[in-house]
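J.: Each chain is listed here by its residues.
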Amino acid sequence: MSEWLENHLPKVVLAPSFIAVLIFVYGFIGWTAWVSLTRSKLLPKYEIKGFIQYERLFDSPRWDTAINNLYIFGALFIVIAMVLGLLLAILLDQKIRVEGAIRTIYLYPMALSMIVTGTAWKWILNPGLGIESMVQGWGFANFEFDWLVNPDYAIYTIVMAAIWQSSGFVMALFLAGLRSVDGEIIKAAQVDGIPTWRIYTAIIIPSMAPIFLSAFIVLAHLAIKSFDLVIALTGGGPGYATDLPATYMYAMAFSRGDIGQAASSAMIMMLVVFAIVVPYLYSELRAKND
Amino acid sequence: MTDLSMPQTQTRTQSATGKIALRWLLYVLLGLFALYYLMPLFVMLTTSLKSLEEIRTGSLISLPREVSFDAWKTAWSGACTGIQCEGLRPYFWNSVLIAVPAVAISTLLGALNGYVVAQWRFKGANIIFSLMLFGCFIPFQVVLLPMARLLGIMGIAGTIPGLIFVHVIYGLGFTTLFFRNYYVTIPAELTKAARVDGAGFMRIFWSIFLPLSLPIIVVTVIWQFTQIWNDFLFGVSFSQAGTQPVTVALNNIVNSTTGVKEYNVDMAAAIIAGLPTLLVYVVAGKYFIRGLTAGSVKG
Amino acid sequence: MKRFAFVTVSTFAIAAGSSVVAEPQAEVLHWWTSGGEAKSVAVLQEEFASNGGTWTDMPVAGGGGDAAMTALRARVLAGNAPTAVQLKGPAIQEWYEEGVLADISAVAEAEGWADVLPASIAGHMKCEGTWCAAPVNVHRVDWIWANADVLAANGIEMPSTWDEFNAAAEKLQAAGVIPLAHGGQAWQDATVFEAVVLGVGGPEFYQKALVDLDPEALTSDTMVQAFDQMRTLRGYVDENFSGRDWNLATAMVMNGEAAFQIMGDWAKGEFLAAGKKPGEDFLCASTPGDGYLYNVDSFAMFDVEGDDKKAGQDLLAKLIVAPNFQKVFNLNKGSIPARTDVGLEDFDICANLSAEDMGSTSAAGSLLPSYAHGMALRGSQSGAITDVVTAHFNSDMSSADAVQQLADAVANSY
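Residue numbers (UniProt numbering), protein chains in the order written: chain A, 1 to 290; chain X, 1 to 299; chain Z, 1 to 414.
In short, the hints are calculated from the structure, not lab data. Since this is a predicted model, take the numbers as computed values, not measurements. There could be a bad hint or two in this list.
Straight-line C-alpha distance at most 27 Å; calculated DSS-like pairs for lysine-lysine [stated by the list, open to error]: (1) 41/A - 208/Z; (2) 277/Z - 327/Z; (3) 310/Z - 126/Z; (4) 39/Z - 73/X; (5) 19/X - 187/A; (6) 208/Z - 126/Z; (7) 276/Z - 39/Z; (8) 225/A - 41/A; (9) 126/Z - 327/Z; (10) 318/Z - 39/Z; (11) 277/Z - 39/Z; (12) 327/Z - 276/Z; (13) 123/X - 192/X; (14) 126/Z - 318/Z; (15) 310/Z - 39/Z; (16) 126/Z - 45/A; (17) 41/A - 126/Z; (18) 123/X - 11/A; (19) 95/A - 286/X; (20) 45/A - 225/A; (21) 327/Z - 39/Z; (22) 19/X - 95/A; (23) 11/A - 192/X; (24) 95/A - 187/A; (25) 187/A - 286/X.
Computed footprint of chain X on chain Z, listed as stretches where at least three residues anywhere in the stretch have a Cβ under 8 Å from a Cβ of chain X [to be verified]: (26) 54-60; (27) 67-73.
Label-pair ranges, simulated between beta-carbon atoms [unchecked claim]: (28) 34/A - 90/X: 36 to 44 Å; (29) 28/X - 140/A: 19 to 27 Å; (30) 16/X - 255/Z: 55 to 63 Å; (31) 275/Z - 52/A: 50 to 58 Å; (32) 271/A - 175/Z: 50 to 58 Å.
Even glycine gets a Cβ: it sits at the ideal position worked out from N, Cα and C.
Given these sequences and hints, build the entire structure.
T.: Given below as structure tokens:
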């Protein structure tokens with residue numbers, strides 16, 4: 001008996017977590033799939049009515065905007081946050097005297113909830129209150145920065161605030177990566193007289209490939225879940241120009257009492273997540289099995 | 001650690017003045033970025049120190065003409081979050097009661113799971129791990145309603161244990177990932193040798209792996225604490241009178257629709273609500289980078 | 001097990017209260033959390049307590065009740081519904097249809113609510129003939145607020161038609177004053193839109209278009225005109241309006257930066273909080289045109305177990321509609337009592353005007369529910385309309401396109 005237990009203990013230890021995930025993640029995804037096929041309004045109902053919710057979803061101009069925004073926002077946010085994070089990490093890795101302080105400054109936005117930093121951003125980006133009026137006050141009367149109130153550009157202000165919040169974390173990941181690169185190789189390269197920028201592009205950055213993946217996953221997950229950021233900064237406006245799938249879904253489920261519609265949009269969101277994450281998991285685990 | 005820090009010393013082409021100029025440029029760049037990161041905090045701080053009258057009439061992003069800490073006092077112990085006007089204080093404690101056990105439990109479970117997945121591979125372990133990892137990506141809005149039903153069935157709806165439970169469940173994916181990626185770098189020979197010496201599964205975990213884990217525990221705790229402390233969606237959905245966390249109280253102060261807005265109190269409340277996480281980042285920031293360096297990010 | 005070690009406040013309260021005699025208990029979910037509003041609710045809590053009741057407060061602010069509704073759904077699904085919930089408009093009937101509301105007809109009949117409430121407001125409180133909610137107040141939505149000094153300096157009277165308003169706005173714009181202070185958030189756009197529809201089309205048209213959702217009315221020329229007027233108003237708004245909170249717009253009127261604001265009477269609270277006097281510093285009038293758009297706050301009682309809680313619901317319902325609370329609460333809140341037999345001597349001129357108009361429009365059949373504030377339509381329908389309104393206002397969409405989209409969106413929202 002005790003031998004059996006000893007042999008199976010790893011599985012026994014893992015089992016509760018695994019069962020919990022099966023129920024609370026996959027069970028709930030299944031539940032959502034089911035509800036997306038019903039005409040649930042205020043509370044979920046379980047009578048299947050076909051694909052009507054998906055038809056409604058694809059007929060909705062607001063959903064089109066939300067999905068397009070997700071592509072724009074997701075791509076810009078992930079790319080810029082990574083580039084900026086890497087740049088900051090490299091700059092910070094040059095034996096900076098006050099590294100601790102600067103690192104903390106770059107990292108702190110991750111610690112604050114967007115519920116209120118959103119208000120501060122709203123003021124800063126508002127042309128009448130923030131940067132635009134400040135720069136104009138310095139005498140540059142032609143300076144314009146009205147993205148927040150311009151339906152075509154407002155989504156980029158969301159990108160700015162999102163980068164502000166997350167790029168410090170990415171910097172931390174890359175900084176850690178830089179510090180774990182094998183020092184001997186770099187020394188050898190320096191002795192050979194290879195210029196610094198070449199050492200970075202040819203040796204260090206390629207060796208951090210796994211970190212790019214980790215950073216990508218963290219950022220992709222933030223991009224897809226971005227919710228309070230939009231609510232706090234623009235509330236989805238002007239109009240619904242900055243709606244994202246997560247805010248669309250929340251609006252349908254909770255302010256409009258249209259749970260079936262919310263479930264169908266959630267399923268589409270899950271598909272997008274699936275398309276991004278599964279290839280990653282596949283490559284990750286295959287590498288480990290070698 | 002690398003010796004890359006001063007690569008300029010190796011390049012003969014650069015003159016001494018060039019080096020100094022580069023150094024200056026470096027600091028100016030870092031300083032500019034620091035400004036970008038500090039700007040919102042600056043706005044929040046200055047606003048919290050102004051009087052309402054000054055906010056109404058003056059520029060929102062200028063320095064306060066007269067510094068006053070009244071807003072801070074109000075936010076902590078006097079602002080109305082409903083009919084009680086006791087500020088954030090009572091809710092702060094709820095958040096502590098939720099966050100501390102939830103962080104501890106999810107970290108411990110993550111460590112055990114990571115240990116199993118990384119060191120005790122059995123058939124299907126990888127599939128189980130990837131299924132768990134996928135759980136990190138589920139949008140939380142999706143789980144609200146079915147979760148509410150289940151919490152009701154389990155009899156812990158609206159309670160602090162209920163909230164702890166929810167946070168532990170949805171933290172498992174990330175904590176397992178962190179520990180697994182860390183333990184995977186520890187040579188399997190270590191476990192094998194210990195087993196030859198007769199040590200069992202738990203023994204190896206307690207006396208070999210756990211003592212090695214400090215860096216990654218720091219990373220996990222920081223991550224989990226930030227997530228749980230700042231959570232609003234679960235807090236608002238799965239609490240009832242008396243168990244609401246501080247983010248819900250903050251929202252009640254900040255987001256009332258038709259009331260008179262007191263921006264100075266809003267901002268002070270926001271900073272107060274964020275203090276524990278800020279503190280964690282400031283105090284543990286150094287270990288955070290070290291923990292990440294120690295292997296957790298090496299996929 | 002750990003979970004048994006924790007005892008939550010409310011279960012503790014139940015345990016402590018389960019003696020022989022029913023002691024009224026209520027856990028109240030509401031979204032009145034800011035200073036003035038919270039004080040108003042505190043009045044109710046005090047009365048409740050002085051009648052032997054125990055009040056447990058469950059406030060959730062945000063999004064005009066969105067966050068509270070999120071919490072409510074979770075609580076109902078968990079089988080742990082709060083005793084009383086701030087609910088309004090057709091949402092009351094929607095929840096009733098889910099079979100989760102309690103019947104408070106006994107209290108309503110004993111207190112004679114039918115005799116003191118205007119018929120259209122009483123209608124919102126009934127579910128299939130039984131009383132299922134208690135009204136707290138009446139906010140008027142179709143208000144126009146103005147800075148008295150700015151109007152005087154430019155020789156302008158409060159406008160009584162939209163043409164007059166447009167003329168006044170042109171004059172103000174020429175004088176360098178922002179004619180209309182507005183915050184570009186969807187619900188604020190909707191608030192202006194419904195006032196415009198009411199003014200341009202009249203009460204009957206409003207009823208057909210925004211209450212009955214008659215497709216003919218939605219695509220009519222009148223609706224095109226309403227969108228045209230929205231486009232005109234867009235020209236009177238400063239360029240930084242997007243995302244601005246409503247109270248910042250009110251502040252613009254207060255300090256003379258802007259002349260007018262179209263907003264419900266909670267805006268009065270901002271003026272009063274800044275020490276401004278109605279009739280002297282700021283003026284109030286209904287938006288151009290006939291009719292009255294109301295936004296009635298109310299409490300619905302949910303089905304709960306236990307005599308203590310049921311006693312709490314009855315007591316709460318009784319107190320909410322009683323004259324004393326109706327008066328004190330509304331003095332604090334800026335709205336007017338829902339019952340018509342409360343003396344208004346202590347109320348300011350704006351509130352008196354509101355009460356007068358409520359009486360006359362109720363008689364004329366032009367006392368209408370506000371669509372923008374969830375009184376006229378179910379959430380999915382009003383939301384679909386607001387999407388179009390805000391998209392039109394914030395882009396250069398033509399009125400004809402907007403009308404077409406409006407009809408499509410409404411058809412797609414069922």
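J.: Give me the numbers of the hints this structure contradicts, sorted from smallest to largest.
T.: none
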